[in-house]
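Enquirer: Protein chains in written order, with the numbering used here: chain A, 1 to 492; chain B, 1 to 563; chain C, 1 to 105; chain D, 1 to 318; chain E, 1 to 492.
Be aware that a few hints might be false.
[Unchecked claim] Take a look, some chain E residues computed to stay more than 10 angstroms from chain A by CB distance: (1) T45; (2) H91; (3) A257; (4) T260.
[Said to hold, decoys possible] Capping the alpha-carbon separation at 30 angstroms, the derived lysine-lysine pairs in DSS-like fashion look like this: (5) B:K460 x B:K383; (6) A:K151 x E:K343; (7) B:K148 x B:K419; (8) B:K148 x A:K356; (9) C:K96 x E:K343; (10) B:K148 x B:K28; (11) A:K151 x E:K435; (12) A:K356 x A:K151; (13) B:K461 x B:K383; (14) A:K155 x A:K356; (15) E:K435 x E:K343; (16) A:K155 x E:K343.
The hints are simulated quantities; they were obtained by calculation from the structure and are not laboratory data. Cβ atoms here follow ideal geometry from the backbone N, Cα and C, with glycine treated the same way.
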Amino acid sequence: MTAFLPLALLTLPLVAALISFALPDTRAAWRDATNIIFALVKLVLVGFLLLQAQGGVDFEWRYEFLPGHDFVLRVDAIALLFVTLSTFLWLIATIYAIAYFERGPNLARFFGFFNLCVLSATGVAISGTAITFFSFYELLTLATWPLVVHKGDEKSLTAGRVYLTYTLAGSAAFLAGILWLKALVGPLEFAAPPDLSPVPTLTLILIFVLLIGGLGVKAALLPFHGWLPQAMAAPAPVSALLHAVAVVKAGAYGILRVVHDIYGAGTVADLGLGLPLAFLASATILYGSLRAVMQNDIKKRLAYSTVSQVSYIVLGASLAGPIAAVGALVHLVHQGIMKITLFMCAGALANRLHIKAVTELDGAGRLMPVTMASFTIGALGMIGVPPVAGFISKWYLGSGGLEAGDAWVIAVLAGSSLLNSAYFLPLLYRAWLLPPQGDHAPVAELTGGWNRMLVLPAAVTALASLGAGLFASFPFSPLEWVSLIVDAGYLR
Amino acid sequence: MIGIEPALLLSAAAFWPLALAMLCVLPKLGPRMITALPLAPLPALAAAIYAPSGTEFGLPWLLLDGGIRLDDTRAVFLGGAAILWTLAGLYAARYLQNDQRAAGFALFWNLVLAGNVGVFIAADAATFYVSFALVSLMAYPLVIHDRKPASLRAGAVYIVLAVIGEVALFAAFLMGSAAAGGSILIADIRDTLAGPGTDPLILWLLIAGLGIKAGLMPLHIWLPVAHPAAPVPASAVLSGAIVKAGIFGLLAFLPWGTTWPISGTTLALMGFAGLFIAALLGAAQSNPKTVLAYSTVSQMGLIMGVCGVALATGLPAAALLPILALYALHHGLTKGALFLGVGMASVWLRNSRPFFLLLMGALALSLAGLPLTAGALAKAAVKGPAGEIGAALIGFSALTSGLVLARLMFTLPSATPDKNPPPAMMFAFLALVIAALSAPFVVYGQILGTDPDPTADLAKKIVEAWPLGLAVILAAAAAAVGMQAPRMPEGDLLEPLRRTALLAMAAFHAMSDTKASSDISTETDDAPPALTNIERIQAAFADRAATAVAFALISGGLFFALI
Amino acid sequence: MEALATGHLFALTGAVLVGLGLFGFITLRHALRQLLAVNVSGAGVFLMLGGLGRGAATTDPFPQALVITGIVVAVALTAFGAALILRQAEEDHAAKEDDERGGKT
Amino acid sequence: MSLVFDLVLCLMILGTAAASLLMRSALGGIVFFIAFGNLLGIAWLSLGAVNVALAEIAIGAGVTGILLILAHARLSAMGDPVECEPTSPWMRAAVAVICGGLIVLLSVAVLSISPTDRMGAQIATLMPALGIENPVTGVLLAFRAYDTLLETFVLLGALVAVWAIAPPGGWPQRPASLAIATPVSLTVIGTFSRVLLPASLVMAAYLVWTGSDLPGGAFQGGTVLAGGILVAALGGAIALPRADDMRLRSVLVLGPAMFLGIGLGGIALGRFLSYPVGLEKALIVAIEYALALSIGATLALLVAGKPVPPAAVQEGGD
Amino acid sequence: MSPLDLLVVAPLVFMVLSLLAGGWQRSLLALAIATMAALSVWLMTLDPGTAHVVGGWELPLGVLLRADGLAQMLVPAVTLTAGLTGLYALHQFAPESHASNAQTAAFWPLYYLMWSAANAAFLTTDLFNLYVTLEMASIAAVAMAAMGSVRAALRYLLIALLGSIFYLLGVALILSRYGTVDVTLLAGMAEADFATALALALMTGGLLVKAALFPLHGWLPPAHAAAPAPASALLSGLVVKIGFVITVRLWFEGLAAAATPAGLHVLGGIGALAILFGSLQAIRQESLKALVAYSTVAQIGYLFLAFPLIAGAGHAWAGLSFHAVAHMIAKAAMFLAAGLMLKAAAGPRIADLAGLARAMPLTVTAFGLAAVSLMGLPPSGGFSAKFLLVDAALRQGQAIHAAVMLIGGLLAAVYLFRPLAVAFSGSETPVVPPKAPSMVAAPLALALAALLLGFAGGPLADLATGGAPATVAPEPLPALEDTVETASEDEQ
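If we strip away everything but chain A, and leave its shape as in the complex, we get (with noise of 0.2 angstroms):
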């Protein structure tokens, strides 16, 4: 029975993809409740794994798909911090998905795209190995493609276009990677690092090439970035949850699943590669957010913010020593919360008050001031302004790097928060005390059930991560969560 866990946890947003392609437009509602249905169930049975999970139990489901070649699906600890995360998110971002397209056309595609969308990146967190994490990793990239070109205008296409060029060849590189390094040690399972030594340093330096190459794409590394802001073109529902959770996190969980999991933090130092992928986190943090202040669009300043925050996990992976790890997979976490936050927000106004741009902000504040207040915190909280998550997140990667002897990473991380703050605070400038532009009356937020919807569950997500900031050291609290992952031994 407790086998077949991991795959109840697939089988439930599949069960929902399927419904919502079934349903027809004329049925919305169902599919409106079913997608929510389904997101509650699998909300309590996460709760459910997370409690068994506390209690040191593991949940296994193995299957040879090809000779050799097992598909592992294991749920353990660090499996359910990710679970949890896009659970608890899809849960929100369905909700606000319901509000923001109300009775739209296409949305049996979308939803079901959704749902497959979340299996996948699901599918990503319980992988047991690295074939079973690929096949995950690439069905996430398809499943996200119809939801990039949802709009289907040019600018839509071509963002679809350039998504899918960079993903599938990171993917091809990260492919070749694991049968490289698979053909040369056996299979790769996602529990104690394979023996490396029998192979010789420059292949290896060779596949985590490949291998972090691959899953740089996803990750936004740079200079693999470039799709990620041209992805905004998707509604935003889609950028929320693609930002936040689905794939630039697939793409850092999966380098910290090589660093940790198939080379071994140890090995990734002694092969003098930690320290170049710090660097180059480094960069991608500060290029993103310098990025970020050039723009006027608001979706991509977040887009670009993006870049430079899943760095943030990227930067942690790669410095050995378990602080920094506490730090990369706790920011996993709270970037979550937070950037979907943000991305709801910009949905809201775009969807309400037609605001796409830095400079339309205006008055938002008074407008829609219960969103500006989400969007506030959020905002705070990527800037690291304590006692919102993104805080806690930055002290552990600092402390990281003073661990691991790079105390030139407290550079980098307060150069990115002045930056960040150079790009976030303009905005609740514009927002809460410059007067509206235009003559939008102020948004009736919390009456009417599609406003709420909307409004709402950016709240509830700006609430937590003020929670997950403040209550950092809360049993179950992602912090708490995370450290438990690691005095457990896991990514030492």
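Got chain A sorted already, so can you dock chains B, C, D and E onto it with the hints?
Expert: Relative to chain A, chains B, C, D and E alone:
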């Protein structure tokens, strides 16, 4: 207060304002919360008075497993701040009663208060940092409360420097905590820093991060524009209590007891430079609130100069902290009272204006260190750790302090309504004046262990007060001949800096615009040029004869490969 | 010996026919003649089969049977090929007539 | 003596083949091809393969020749002169080198193999069980009956394929008329053809019958029948049937169906396509007759070509 | 009684019946599908290697039918493909349909003929019998191609004839040299001498024409592109596989003794070129069906690229079998879907597909799923196949082969996502004619089957290797040191 656990009291000090802040968000209740402002600091006041030194309380779920504690120094800071916040709150409750943004003001007031209290009682760096951020960033809305362009400009300067300070502090704490083996307790960090092998960078990050808040020259530029921009009660707490957060941070984190000749001397130089320069700049202002703000920079320069001396000489904490706490208390209450006084000046009843000016003069003289006043008490105490040169400088600074405060007296507005000012405001002001003039005496013994003796060596003190006398004479003379004070722009270096920044930003935008456009051209790749030869290629392969030839060649090739 | 020589002789003839057929297939640029060339090649293959199955007294009946099968298969395909050639010519013809008609009007 | 004859025969074969391919005139090439086929038949006779010789002359030369001539005639009628664009001499030289190389390689391979009758003996030991004498028929209808079965379907499939390309309006009509509509020839050929059809039937029946013991068999018989039908149609003695004529369909599938049926009947005895002991010859002959009938009809229709719209039936004879 | 001969005979019976029973195609097809499905299941349950001679006539005289792993995979796949394509064709070639009556009448006999030919080719081990089955397939295939374009069909026929002649030439040499044409007997007798080598080269050349391996592919794109959709599906799915399977039987079983590594590498090299050329051409096509047809050219390349890998470490044999099956099913699905899309579209060009994702979501989904398999993205049969092949290549240190396969996958993504993107584009939903449910269901079912293959990889790989010829590497993993050595040598 029997029956109340001191630890709970202590935590209530921080959480009570937060709870009130949440109430401010409620749409109906929010604007009315302004009247509850005086209630917000009461737990803090109670804690400062009743909670015994050494009270600790762990907050295991919060942040990074933090905690709060109280000791004597902290109690002084907390108590002083609580008094000021209470009375300023009372003042604000009336002052902003009909303000259209009352709810927002109340919200941020409470948040800043919570942060301010948190800074003083934080036992660990994370809690301190969070509280400090709360103080710094949430004070921004207070600064720009009236939304006037000048305020917004001031706010912008404020927020930029505050963020930079936060970041510096963040780095310092991270490095300190790492040096302390991962412990985030303030005590551990300080002890580690006092140990051998500490990176002076940490020290400088701390000084920079906290110094910005405390108005350390030359990082002070935000202060003379931001403090006056806020509404009167907010200015009072900004100058009186909030700057003390920076001072408290320095006291709490700097490694007392070990000698840091270079860092200490540098800090001392910066501090004392501020003491004089800021005062002189302040004397050249025309807005009384700006004058007061410069005075704050000057006074904080004094404290930080003393800190620098102590750092350079390796003075132990016990010999320094109580004294500086006392001085901070004195300055906080006095400056708060002066700010409220500026607010009162325009509403004071015409016929009792002399009484008002008397009160203000007393406050000013006390601040400048007139013998027998509370200020003299604090100044005398502070000369101890300041060393010989420091003491001399402090003594001489009475001249500049006197000048700036004299300038204040001349710039006070003199509108003369014919009805009494609201009693709440009146009460708050008067209470604060009393507190300012008496509190150092009341707590002196408790803090320094000896009873205050303001009359000892009185003659010497009077002689030593010559710079103050000179200041009074100069001021009087200037007034008598109708000499105008020189005019300096608010925020001295700010304007040139702003112009430079504007230029830089313009350049930057020009750059980013070209960047953006080139961006578009690179990221939208054009369709590859249509290959005109496709048809020909296809036709060539589709040709039967060609296929047959290819077939023959392939078979032949295969054959030879097989042989 | 003679049988051996006879067998080789016909087999070699078959080999040459195959080559000839291929040459024709490549150089002749009309489908009908290519069809013919293929048949020549095919005949060559059959002849090779027969020649190499030539025993001292008899010819192996097994390849004989295969050749008969081959011949029938070849004629079936040739017939279809011819039909296709005609059909294509009809289409071209009709298209040309359409063009001419279009040109007149 | 015989070797010399064979050598001359081979040279003639090669000559006619070369002529059929290298002549500029397509019609000339076809004529030489028919001669080539007949010479091949003689070659097969010389190899002692009478069965093959019959098949080659009847099918390889005869039916294929008629097919090609008819196609040429119809192409000419549509204004296609069946001319090839000349290829460049260099190209021809290059191709010649390639083909020469192929010939050389093949020759070496051929010479490395010594011709022998490899399976004759083995077949001879098995023949008595079949009750027939002609080993080729034995191979075709017993040992390799599976090949033959599939082959009959190739033939049937080819006819269906020809149907598939019927022009619009042509389905399910008759093929274009083969009748040569000159009044003088009509009477001559007409009379001739009326006689020839029954004669061909008889001859086909004979060929099939002897085929079990002597050279001959279903394919040869079927071809003769087809020839008879074609000549009859040519003379206008009979009209070729419509493609959807159920009688025609029945005749077409009769052979393959009977083959299949008897093969499937074998399953009852254990194996597909195994004949019950004692009934071998009877069944083989039954299959052969049915096949001959079907093959005859199929070949005739294949030569006649695809169904065309009724109006075109008359035109086709031009 | 055995399914081996019945699988060949049953479609022939249906061919006869279809010629006699004019309007009963519907019930006939149902009966045929049921029969063939039952027989296929029966076939799969046989032990690998089960064989018997037809009619009881022993080798070398008789014809041996054998169910090896390859056949046990391919024949059921044929049943699936042909059966579902038939369901689709039932409407296209219904008496009331628009297709010309001749095509309606002729399609069904040809369809059964092709079905029989495919089964016969996969089941027999007799080289001459294979010649006959090749011609059965050619007749049916050319006739089906002629339903679209007579010119292309004529080209196809002549080239195919030439290929057949040369195949037969090789058979003649083999028969004369060894006195048998049975692959199983030849496996024990064959020697690497001049005649054998020449025979192998000639037969292979002839078969490559039939399999449309670059540069002998010229006939394929016009023929496959022009034919009616169900015909294209059968042509690309079934017919090209026949030539391929015979080549496999020659190189790895019958004449394995003469198959030198150099020869294998020549084929592998041509396969690599085919992948690249076919993909690049597909990218440049303007017409949808031509694109899909060129995709076949590329995919055939994989089959031959695998040749040099078969004997080495890894599971290249299973990968090869897998790819044949996966491509058959996926390509059929794609052609059927493309057929439906083109019926609804304004024209044959890719650009004419705009908006179809909204108008016919199920069909576009089928196209997309088939594309997933063809691109080799998980989870799909195509992925499993490519995975095994790349894995084998890397384990043997053949980095270039691996790279070509991965690049081929990327190029496939480039050309296959193009029509999908167009289908998603636009804002208007074109009005499409109503379609019979079975017409929509057929490509979808096939595409799903291609996808599900990816989940059945283990059992199917076992099946494929179960009856594999002796030359295929037996699977114990070579010692670690060996592979490392090869890899490192490759590095240097």
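Enquirer: Now tell me if each hint is right for this structure.
Expert: Hint check:
Every Cβ of chain A is farther than 10 angstroms from the Cβ of T45 of chain E; the closest lies at roughly 21 angstroms, confirming the non-interface assignment. Separation of H91 of chain E from chain A is adequate, the least Cβ-Cβ distance of about 23 angstroms exceeding the 10 angstroms criterion. With a minimum CB-CB distance of about 27 angstroms to chain A, A257 of chain E clears the 10 angstroms threshold, and the non-interface call stands. With a minimum CB-CB distance of about 25 angstroms to chain A, T260 of chain E clears the 10 angstroms threshold, and the non-interface call stands.
In summary, the hint linking K460 of chain B to K383 of chain B is supported, as the alpha carbons are separated by about 14 angstroms, within the 30 angstroms threshold. About 24 angstroms separates the Cα atoms of K151 of chain A and K343 of chain E, which keeps this hinted pair within 30 angstroms; it holds. Between K148 of chain B and K419 of chain B, the direct Cα distance comes to roughly 28 angstroms. Compliance with the 30 angstroms bound is thereby established for this hinted pair. Using a Cα cut-off of 30 angstroms, the hinted pair K148 of chain B and K356 of chain A holds, with the two alpha carbons roughly 27 angstroms apart.
With a C-alpha separation of about 28 angstroms, the suggested pairing of K96 of chain C with K343 of chain E holds against the 30 angstroms cut-off. Among the hinted pairs, K148 of chain B with K28 of chain B is consistent with the structure: their alpha-carbon atoms are about 26 angstroms apart, no more than 30 angstroms. At most 30 angstroms may separate the alpha-carbon atoms for a hinted pair to count; K151 of chain A and K435 of chain E meet this at roughly 26 angstroms. Distance restraint check for K356 of chain A and K151 of chain A: the Cα-Cα separation of roughly 16 angstroms lies within the 30 angstroms cut-off, and the hinted pair is therefore satisfied.
Simply put, K461 of chain B and K383 of chain B have alpha-carbon atoms about 12 angstroms apart, close enough for the 30 angstroms limit, and the pair holds. Only pairs whose Cα atoms come within 30 angstroms are accepted, and K155 of chain A paired with K356 of chain A is accepted, the gap being roughly 15 angstroms. Straight-line distance between C-alpha atoms of K435 of chain E and K343 of chain E comes to about 10 angstroms, which keeps the hinted pair within the 30 angstroms bound. Our distance criterion of 30 angstroms between C-alpha atoms is met by K155 of chain A and K343 of chain E, whose separation comes to about 28 angstroms.
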